[in-house]
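Just so you know, the sequences run in chain order U and F.
Residues in the first sequence are numbered consecutively from 1, following the UniProt record's numbering.
Residues in the second sequence are numbered consecutively from 1, following the UniProt record's numbering.
These aren't lab readings, by the way, just hints derived from the structure by calculation.
Heads up, a few of these hints could be off.
Identical chains share a label here; the pair holds if one copy fits it or two copies do between them.
[Said to hold, decoys possible] Once the Cα atoms are required to be at most 30 Å apart in a straight line, the calculated BS3-like pairs of lysine-lysine come out as: (1) K474 x K147; (2) K326 x K180; (3) K274 x K180; (4) K48 x K454; (5) K319 x K280; (6) K272 x K322; (7) K180 x K372; (8) K319 x K180; (9) K372 x K322; (10) K326 x K272; (11) K454 x K326.
2 protein chains.
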Amino acid sequence: MHYQAPLDDMQFLLTDVFQAEQQWQNMPAVAEMIDMDTALAVLEEGAKITGELIAPLNRPGDEQGVRLIDGQVVTPDGYKAAFATFAEAGWVGFGGDPEFGGMGMPKMLGVLFDEMCYSASNAFALYSSLTAGAALCIASHGTEEQKALYLPKLYSGEWCGAMDMTEPQAGSDLRHVRTKAEPQEDGSYLVTGTKIFITGGDHDLSDNVVHLVLARLPDAPAGSRGLSLFIVPKRQSDEQGNLTGANGVSCGSVEHKMGITASATCVMHFDKAKGYLLGKLNRGLMAMFTMMNYERLSIGIQGLGCAQMGYQMAAAYAKERKQGQKSGGLSQGIDPILVHGDVRRMLMTSASITEAGRALAVLTGLQLDRQKYQTEGAEDADALVGLLVPLCKAFFTDLGLECSVLNQQVFGGHGYIRETGVEQLVRDVRIAQIYEGTNGIQALDLLGRKVLPKQGEALRMLMADVEVTLGEAKARHPQWAEQVNQAFAELVDAADLLRNSDQGADAVNCAANDYLHALGYATYGYLWLKMLNALDERDDEFAQRKHHLGAFYFARVFPRFATHIAAARSEAALITAMDESLF
Amino acid sequence: MHYQAPLDDMQFLLTDVFQAEQQWQNMPAVAEMIDMDTALAVLEEGAKITGELIAPLNRPGDEQGVRLIDGQVVTPDGYKAAFATFAEAGWVGFGGDPEFGGMGMPKMLGVLFDEMCYSASNAFALYSSLTAGAALCIASHGTEEQKALYLPKLYSGEWCGAMDMTEPQAGSDLRHVRTKAEPQEDGSYLVTGTKIFITGGDHDLSDNVVHLVLARLPDAPAGSRGLSLFIVPKRQSDEQGNLTGANGVSCGSVEHKMGITASATCVMHFDKAKGYLLGKLNRGLMAMFTMMNYERLSIGIQGLGCAQMGYQMAAAYAKERKQGQKSGGLSQGIDPILVHGDVRRMLMTSASITEAGRALAVLTGLQLDRQKYQTEGAEDADALVGLLVPLCKAFFTDLGLECSVLNQQVFGGHGYIRETGVEQLVRDVRIAQIYEGTNGIQALDLLGRKVLPKQGEALRMLMADVEVTLGEAKARHPQWAEQVNQAFAELVDAADLLRNSDQGADAVNCAANDYLHALGYATYGYLWLKMLNALDERDDEFAQRKHHLGAFYFARVFPRFATHIAAARSEAALITAMDESLF
Numbered sequence: 001m002h003y004q005a006p007l008d009d010m011q012f013l014l015t016d017v018f019q020a021e022q023q024w025q026n027m028p029a030v031a032e033m034i035d036m037d038t039a040l041a042v043l044e045e046g047a048k049i050t051g052e053l054i055a056p057l058n059r060p061g062d063e064q065g066v067r068l069i070d071g072q073v074v075t076p077d078g079y080k081a082a083f084a085t086f087a088e089a090g091w092v093g094f095g096g097d098p099e100f101g102g103m104g105m106p107k108m109l110g111v112l113f114d115e116m117c118y119s120a121s122n123a124f125a126l127y128s129s130l131t132a133g134a135a136l137c138i139a140s141h142g143t144e145e146q147k148a149l150y151l152p153k154l155y156s157g158e159w160c161g162a163m164d165m166t167e168p169q170a171g172s173d174l175r176h177v178r179t180k181a182e183p184q185e186d187g188s189y190l191v192t193g194t195k196i197f198i199t200g201g202d203h204d205l206s207d208n209v210v211h212l213v214l215a216r217l218p219d220a221p222a223g224s225r226g227l228s229l230f231i232v233p234k235r236q237s238d239e240q241g242n243l244t245g246a247n248g249v250s251c252g253s254v255e256h257k258m259g260i261t262a263s264a265t266c267v268m269h270f271d272k273a274k275g276y277l278l279g280k281l282n283r284g285l286m287a288m289f290t291m292m293n294y295e296r297l298s299i300g301i302q303g304l305g306c307a308q309m310g311y312q313m314a315a316a317y318a319k320e321r322k323q324g325q326k327s328g329g330l331s332q333g334i335d336p337i338l339v340h341g342d343v344r345r346m347l348m349t350s351a352s353i354t355e356a357g358r359a360l361a362v363l364t365g366l367q368l369d370r371q372k373y374q375t376e377g378a379e380d381a382d383a384l385v386g387l388l389v390p391l392c393k394a395f396f397t398d399l400g401l402e403c404s405v406l407n408q409q410v411f412g413g414h415g416y417i418r419e420t421g422v423e424q425l426v427r428d429v430r431i432a433q434i435y436e437g438t439n440g441i442q443a444l445d446l447l448g449r450k451v452l453p454k455q456g457e458a459l460r461m462l463m464a465d466v467e468v469t470l471g472e473a474k475a476r477h478p479q480w481a482e483q484v485n486q487a488f489a490e491l492v493d494a495a496d497l498l499r500n501s502d503q504g505a506d507a508v509n510c511a512a513n514d515y516l517h518a519l520g521y522a523t524y525g526y527l528w529l530k531m532l533n534a535l536d537e538r539d540d541e542f543a544q545r546k547h548h549l550g551a552f553y554f555a556r557v558f559p560r561f562a563t564h565i566a567a568a569r570s571e572a573a574l575i576t577a578m579d580e581s582l583f
Numbered sequence: 001m002h003y004q005a006p007l008d009d010m011q012f013l014l015t016d017v018f019q020a021e022q023q024w025q026n027m028p029a030v031a032e033m034i035d036m037d038t039a040l041a042v043l044e045e046g047a048k049i050t051g052e053l054i055a056p057l058n059r060p061g062d063e064q065g066v067r068l069i070d071g072q073v074v075t076p077d078g079y080k081a082a083f084a085t086f087a088e089a090g091w092v093g094f095g096g097d098p099e100f101g102g103m104g105m106p107k108m109l110g111v112l113f114d115e116m117c118y119s120a121s122n123a124f125a126l127y128s129s130l131t132a133g134a135a136l137c138i139a140s141h142g143t144e145e146q147k148a149l150y151l152p153k154l155y156s157g158e159w160c161g162a163m164d165m166t167e168p169q170a171g172s173d174l175r176h177v178r179t180k181a182e183p184q185e186d187g188s189y190l191v192t193g194t195k196i197f198i199t200g201g202d203h204d205l206s207d208n209v210v211h212l213v214l215a216r217l218p219d220a221p222a223g224s225r226g227l228s229l230f231i232v233p234k235r236q237s238d239e240q241g242n243l244t245g246a247n248g249v250s251c252g253s254v255e256h257k258m259g260i261t262a263s264a265t266c267v268m269h270f271d272k273a274k275g276y277l278l279g280k281l282n283r284g285l286m287a288m289f290t291m292m293n294y295e296r297l298s299i300g301i302q303g304l305g306c307a308q309m310g311y312q313m314a315a316a317y318a319k320e321r322k323q324g325q326k327s328g329g330l331s332q333g334i335d336p337i338l339v340h341g342d343v344r345r346m347l348m349t350s351a352s353i354t355e356a357g358r359a360l361a362v363l364t365g366l367q368l369d370r371q372k373y374q375t376e377g378a379e380d381a382d383a384l385v386g387l388l389v390p391l392c393k394a395f396f397t398d399l400g401l402e403c404s405v406l407n408q409q410v411f412g413g414h415g416y417i418r419e420t421g422v423e424q425l426v427r428d429v430r431i432a433q434i435y436e437g438t439n440g441i442q443a444l445d446l447l448g449r450k451v452l453p454k455q456g457e458a459l460r461m462l463m464a465d466v467e468v469t470l471g472e473a474k475a476r477h478p479q480w481a482e483q484v485n486q487a488f489a490e491l492v493d494a495a496d497l498l499r500n501s502d503q504g505a506d507a508v509n510c511a512a513n514d515y516l517h518a519l520g521y522a523t524y525g526y527l528w529l530k531m532l533n534a535l536d537e538r539d540d541e542f543a544q545r546k547h548h549l550g551a552f553y554f555a556r557v558f559p560r561f562a563t564h565i566a567a568a569r570s571e572a573a574l575i576t577a578m579d580e581s582l583f
């Protein structure tokens, strides 16, 4: 089956839950580009291109994978033509700066379109996502000349982007990056080194690949404060973007992976490749973070997209596949497996998690828009973005795997067979817990850098709307409102405990993953109430479904909060005291 | 790295935790075959053959997979020779009847050897496991002539076994099996029909494949009470086992799967194939259950084996891979990632779950031995086996996936690359949640057929030793003992609630999965205390490790119990009331 974007839920979130149009009124640059009617029309177009053009490429692309032929990465059949259509229609430049040819769409819409892309095809979506991320980095840190040269090419998909950070000895720990950049008299640099795990590092979808490469000058300080960021195109060009020749950039090999086989994961060699400083010397990591934050949210949404696609497939299968019978039925009866409580449990777990996740994605998109477009409140938004991005990245993808496994389980034995397609989602989504900073790194970032500092300011900022929401929910759902209220109080309390722990950084390191999950389940509780509030008196099928899923969430998923907060509060010494030799 | 069986832990369980030798004194047939010295020597040999012969075939076997060439399944390079060595050494007949050439080893050892086999290679282990299971079924239900013909051939691995139940319209629901068996004048039957998902349905490891086929006579009653079981060999033979020709059994295709690619999953066609009734007419399902219970425990152990193998790989990687630094270290320092709390959390989660699981496997093996070899107490053992087998199957495999994912996560990006090998464990273990009865089916069986009937007799039987264990643990670990005590009380209480629910079978169906998980975590708590009790005053490295992992289990894993029991107690109507059209 092909993908059908959940447009009704997306519209509900934009209009009823987050009052997007009202928000956009406070963002002149956005209001100028878009109103709700346009937004919904754009999403409908997005649904069409992802469902009709991209999704059909996903299974065959997985079987074929990328191939390295004569030093050039070849993508699966159909990718090149589809990417051209996709890019020409402006989708790569969806959130791009209109001054340079971008569509200027707010991130609140962007997260929804990202979800569609990942539902349709993880591998395909990555080429576009990396390109948009590279463009964002250049738009934020580039000179006017750099913007004028690269942005139109990237937004139009004529050129693609890649992010080159990891080296064999420098993965999560970028202090040890060795790639060097030697300054030249003309102001450019010659970049030499090897990067690994480079998504979209080479391919045939575009004429050029613009690498953003972390490297260090020969005299740079050791560690991360000696890293600078360089634009290193695969092919050189003149200032108008006409290609003028090769540039010492080559793909050494492509990895054979568990999933996203149609996404090229490359070993990239830079051999005195001409590069251009992006941003300031020795501040490369900071510039790279612009792109990384963008990619991190995007990768979180990969988790959502997979869960949503798998749910659609599993729900359809459960209605069609007949095995067993409804409790109390006739002895020879046979019913669709959807009658079985345990099958419903799996589907409702998947749906109740994914729909709360979509709400969190839109909330995070809104904060990114406020950060970018609003003058007032931009600082608050900044703190919220800092808090929510690692939460989205890790929580969406951890639960994205869980939901994908549940969706696969609904298929029984057929779910394990490649041709059914649902097992691909499990293989594909698995990488999202690992790349763009492992989920362990996200949790450390969330707890250590976002929750604990400033006496918990960022968490309090999130709690401002939580309190408003709980106040509104109290009349109809007093018990759930109290549970969520209590959960946030426990999160604050656990943060205080950890902040004052005599185990210091170890306490954070040991608690981070469980703290992140506890915050995630509490936040989903808050967002479920926010969605139920927005339904108000509605009693159509859409509203009925939400009420069922919300009730399910509180009864069957939310209780996980207690487990995670207990684990997060437990002594770090339980983990740190075990001698290395005993592992 | 190659597999190294955890022999010290296995010995600890046999000698200190479960006093195997003492148990064997009550089982004359076992005591005759084996004492502890022999048992340990056997396990050492098992460790050798799995580590040195089987494990090295696992990665290349996955890459090559099985192929169907001219209607014959060809296994990966090296499989045939390795299987011959393995079978000639008697390992296929490990638990087989000595009268017909089996080794007659008790299941308490068998579960440990099974774990080694699955750690070394899931795909390879399945060929042997299915053969042993088929032999067990023939040993239990066959005539003397059938035993004399088939058992020596199966124990020696000259012939292999397969279990043919599923048809396209009959998976979890076997009532709809259509394959027919027409009685012939000579007392044999002609079997015609198509079976799917037949593990080891065809291959080149042996001269013959002995299929145990569920089929129905033309005049048999509809539904499951009209099913009979037939021995249908791929090739016919005389009574001495000399092959005499083909038998209308052919492999139509092999499935392309997410994992266990070196295990042949076949579509099997039976075209008037000569078959022989095994057991009684129309009682085929019951006879098949002998094999299924055996296979279900075996498949549970697949989950354990994968988790153990992955842990070994991940622990070794964490000691070797350097990224980041210990909290409070020098700014340019670099340490093995094992210093990081979150990496340790993943490893300790994996180890604390897997080691409790191994204890449960041995406990279950012990009950199978008591059931088979003891005259006194066999009935109790029967009830315990009924309770523990579905728990092992589902809980080991659900947590086997979780642990495999955690082990993979320790590797960061390298864990997603096929050549590292750890991603294969995730793909391979995933099937174990599905086949041999999905974990949803196991949960229904556990709660509906084992826990609830007879006013909870089976659970009370398990609780007898729980109480003894808690009594012994009280002095040293009063808090944990009380937590486990409370958990079992809640399990009894939840069972009472469900037994009396006005939602009937729906209540069971909706609660089953969470009830199974709650029982699993409570049981692991009990077994951790049992292991800690057995350590007594020991303070060597082995004991230190156990104490660390036990404490970790209670602080960080056991709290999940509360989540699952809450979910199991929640209203079934939360799940059943949602209209089908809303999914």
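Which of the listed hints are broken here? 1, 4, 5, 7, 9 and 10
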